[in-house]
Amino acid sequence: MEALFFNANTGFLEGIVRGYKAGILTQSQYANLAQCETLEDFRTQLSATDYGNFLANEPLPISTSTIADKATEILVEQFKYLRTNAVEPLRKFLDYITYGYMIDNVVLLITGTLHERDTHELVKRCHPLGVFDSMPVLCVATNVEELFQSVLIETPIAPYFRECLTASDLDDLNIEIIRNTLYKAYFEDFYEFASSLGSPTSDVMHRILAFEADRRTINITINSFGTELSKDQRAKLFPTIGRLFPEGNNQLAKADDIDQVRQICENVSEYRSFFSDAPSGSGSGSNGDDFNAIAEQLEDRFFSTEVHLNKQAFLQQFQYGVFYSYMKLKEQEIRNLTWIAECIAQDAKDRIQDFIPIF
Amino acid sequence: MGYYSSYYSYGLPTFLIIVIALYLLFTGSGEAFNVGRFLEETSPYAWAGTGIGLCIGLSVLGAGWGIMVTGSSILGGGVRAPRITTKNLISIIFCEVVAIYGVIIGIVYSAKIQPVPEHLLYTPQNYFTGFALFWGGLTVGLCNLLCGVAVGITGSTAALADAADPNLFVKILVVEVFGSIMGLFGLIVGLLMVSAADDFSAGLGVAKAVASPYVL
Numbered sequence: 002m003e004a005l006f007f008n009a010n011t012g013f014l015e016g017i018v019r020g021y022k023a024g025i026l027t028q029s030q031y032a033n034l035a036q037c038e039t040l041e042d043f044r045t046q047l048s049a050t051d052y053g054n055f056l057a058n059e060p061l062p063i064s065t066s067t068i069a070d071k072a073t074e075i076l077v078e079q080f081k082y083l084r085t086n087a088v089e090p091l092r093k094f095l096d097y098i099t100y101g102y103m104i105d106n107v108v109l110l111i112t113g114t115l116h117e118r119d120t121h122e123l124v125k126r127c128h129p130l131g132v133f134d135s136m137p138v139l140c141v142a143t144n145v146e147e148l149f150q151s152v153l154i155e156t157p158i159a160p161y162f163r164e165c166l167t168a169s170d171l172d173d174l175n176i177e178i179i180r181n182t183l184y185k186a187y188f189e190d191f192y193e194f195a196s197s198l199g200s201p202t203s204d205v206m207h208r209i210l211a212f213e214a215d216r217r218t219i220n221i222t223i224n225s226f227g228t229e230l231s232k233d234q235r236a237k238l239f240p241t242i243g244r245l246f247p248e249g250n251n252q253l254a255k256a257d258d259i260d261q262v263r264q265i266c267e268n269v270s271e272y273r274s275f276f277s278d279a280p281s282g283s284g285s286g287s288n289g290d291d292f293n294a295i296a297e298q299l300e301d302r303f304f305s306t307e308v309h310l311n312k313q314a315f316l317q318q319f320q321y322g323v324f325y326s327y328m329k330l331k332e333q334e335i336r337n338l339t340w341i342a343e344c345i346a347q348d349a350k351d352r353i354q355d356f357i358p359i360f
Numbered sequence: 004m005g006y007y008s009s010y011y012s013y014g015l016p017t018f019l020i021i022v023i024a025l026y027l028l029f030t031g032s033g034e035a036f037n038v039g040r041f042l043e044e045t046s047p048y049a050w051a052g053t054g055i056g057l058c059i060g061l062s063v064l065g066a067g068w069g070i071m072v073t074g075s076s077i078l079g080g081g082v083r084a085p086r087i088t089t090k091n092l093i094s095i096i097f098c099e100v101v102a103i104y105g106v107i108i109g110i111v112y113s114a115k116i117q118p119v120p121e122h123l124l125y126t127p128q129n130y131f132t133g134f135a136l137f138w139g140g141l142t143v144g145l146c147n148l149l150c151g152v153a154v155g156i157t158g159s160t161a162a163l164a165d166a167a168d169p170n171l172f173v174k175i176l177v178v179e180v181f182g183s184i185m186g187l188f189g190l191i192v193g194l195l196m197v198s199a200a201d202d203f204s205a206g207l208g209v210a211k212a213v214a215s216p217y218v219l
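Chains A and B are the protein sequences, given in the same order.
My numbering numbers the first residue of the first sequence as 2 and each following residue consecutively.
My numbering numbers the first residue of the second sequence as 4 and each following residue consecutively.
Rather than coming from a laboratory, the hints here were simulated on the basis of the structure.
Just so it is clear, the structure is predicted and the values come from calculations on it, not from any experiment.
Idealized CB from N, CA, C, for every residue including glycine.
Worth double-checking, as some hints may not be accurate.
[To be verified] Quick list of in silico lysine-lysine cross-link-like pairs, DSBU-like style, CA-CA up to 35 Å:
hint	chain 1	residue 1	chain 2	residue 2
1	B	LYS115	B	LYS211
2	A	LYS329	B	LYS90
3	A	LYS329	B	LYS211
4	A	LYS312	B	LYS90
5	A	LYS312	A	LYS125
6	B	LYS115	A	LYS312
7	A	LYS81	B	LYS90
8	A	LYS312	A	LYS237
9	A	LYS81	A	LYS125
10	A	LYS350	A	LYS329
11	A	LYS350	A	LYS71
12	A	LYS232	A	LYS81
[Stated by the list, open to error] Residues from chain B that keep clear of chain A, each with C-beta distances beyond 12 Å, as calculated:
hint	residue
13	SER8
14	SER12
15	TRP68
16	GLY74
17	LEU92
18	ILE110
19	SER159
20	PHE203
21	ALA212
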């Protein structure tokens, strides 16, 4: 039934976003890029892709951070075009996509202020899609309550701060707790909003958001081994919308090492492969090495699952998931480009194939 | 009001109908609700006119709906892949054809409407023509409405698939062709339904709208 009325408001934008998606780099283009010797070659190869001459005005020598910044700028322009042409409820959906970036920016500014960095520099390093008007004022706050009353209450992410007001002073551990609490509230809010949009948007978004929530849960668990985060505090940071909720979440809150995490994740068939094929060759490594190898592999597996789910969103028409998925896939592409550029710049060709290809 | 709006939209009309029916029943005028009398006293012109109006109205609704669904996707897809714009006009044409079927039937049916004086109108043949035009028009209209919507949705998918990969267009076009055949079926059935119906003609003797003696 959604096909009858969807195109009246969103048909044009869906066509545009699918056009953008057709410009995402393919395997053969990545192969060409990986064979470049210098960053100037890299730039020439990129001009033959959908990116065009976006680096044409940069003075030599180009740095990898410039490449990443310019590519992000292109993504931001595309997103702004989509957002200005959108009406409700797509406009609200696109706003929800920006809230993630807003949370990252807020945490970046607070952390930067704690370590006494220059405010202008910090504002420049914020993600452009997550800016809101009162950003520089964040830098002068010293505790969360003041922050909330003066600045954050006007931003769209204000409701997410309700859980955090207990963190009375800001230090590194508390910042991470704030970030994870905000993300938990954000995911649950987004999930509810997607449910209100009805099928098929809710079907696609539920799948993607459930995976993101579980990814955060597993990451929080693994990263909290050996820190002073208590198990209760850890349990409060887990989002309640994933496949691991509620039994998996309860068990992960009590887990003490990575083998227990593996056992808990076996209950969900999609997540079994995350921990399999543990490196068996170098059995003589210490527990720490094994742990790091597993963690690195896990990160890669998370990224490839994310790419897989986001690609699948394009298989259905007449739903909003394509907008979210396009943003995530393009970000992955920018990460890939940065990786390849870094490998070229540092002349580390042996690891150049370690990116995650999309199409 | 969100969860209960369906209670209002289904409950209120039902309630009103029940109240009116019981009122008629209990005040002894239950026989005022007389379907037979309604059918015998309604002018065949009313049936014929409504049928033709529904035919062309619903056909155009279907065609327009289909064009809206397809056209917006062609516009969106054409921004990044301009080559699709010309080829995909064929989907718009398939939707338009549905409206043409409605026009054809409208013309064929309206040829059967001839002026007849009131007191000579109510012959059995004229009754039949009136009913045939009504139901034929409704049939054709509904068929074309659904056909237009189906072709429109498929056309939208065809445009976006073509923008992604040119080989897909012809394959999805086959689906669209099958969809548009449904409008043709409606046209055929509509013509068959009125093939036995003569034009409105004057009765030989006096033919007024008189309810039969079996119906009070």
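Here is how each hint holds up against the structure:
{"no.": "1", "hint": "LYS115/B <-> LYS211/B", "result": "holds, 20 Å"}
{"no.": "2", "hint": "LYS329/A <-> LYS90/B", "result": "holds, 32 Å"}
{"no.": "3", "hint": "LYS329/A <-> LYS211/B", "result": "violated, 75 Å"}
{"no.": "4", "hint": "LYS312/A <-> LYS90/B", "result": "holds, 27 Å"}
{"no.": "5", "hint": "LYS312/A <-> LYS125/A", "result": "holds, 32 Å"}
{"no.": "6", "hint": "LYS115/B <-> LYS312/A", "result": "violated, 58 Å"}
{"no.": "7", "hint": "LYS81/A <-> LYS90/B", "result": "holds, 30 Å"}
{"no.": "8", "hint": "LYS312/A <-> LYS237/A", "result": "holds, 31 Å"}
{"no.": "9", "hint": "LYS81/A <-> LYS125/A", "result": "holds, 19 Å"}
{"no.": "10", "hint": "LYS350/A <-> LYS329/A", "result": "holds, 26 Å"}
{"no.": "11", "hint": "LYS350/A <-> LYS71/A", "result": "holds, 24 Å"}
{"no.": "12", "hint": "LYS232/A <-> LYS81/A", "result": "violated, 41 Å"}
{"no.": "13", "hint": "SER8", "result": "holds, 16 Å"}
{"no.": "14", "hint": "SER12", "result": "holds, 17 Å"}
{"no.": "15", "hint": "TRP68", "result": "violated, 7 Å"}
{"no.": "16", "hint": "GLY74", "result": "violated, 8 Å"}
{"no.": "17", "hint": "LEU92", "result": "holds, 15 Å"}
{"no.": "18", "hint": "ILE110", "result": "holds, 29 Å"}
{"no.": "19", "hint": "SER159", "result": "violated, 6 Å"}
{"no.": "20", "hint": "PHE203", "result": "holds, 38 Å"}
{"no.": "21", "hint": "ALA212", "result": "holds, 42 Å"}
Of the numbered hints given earlier, the model fails hints 3, 6, 12, 15, 16, 19; all others are met.
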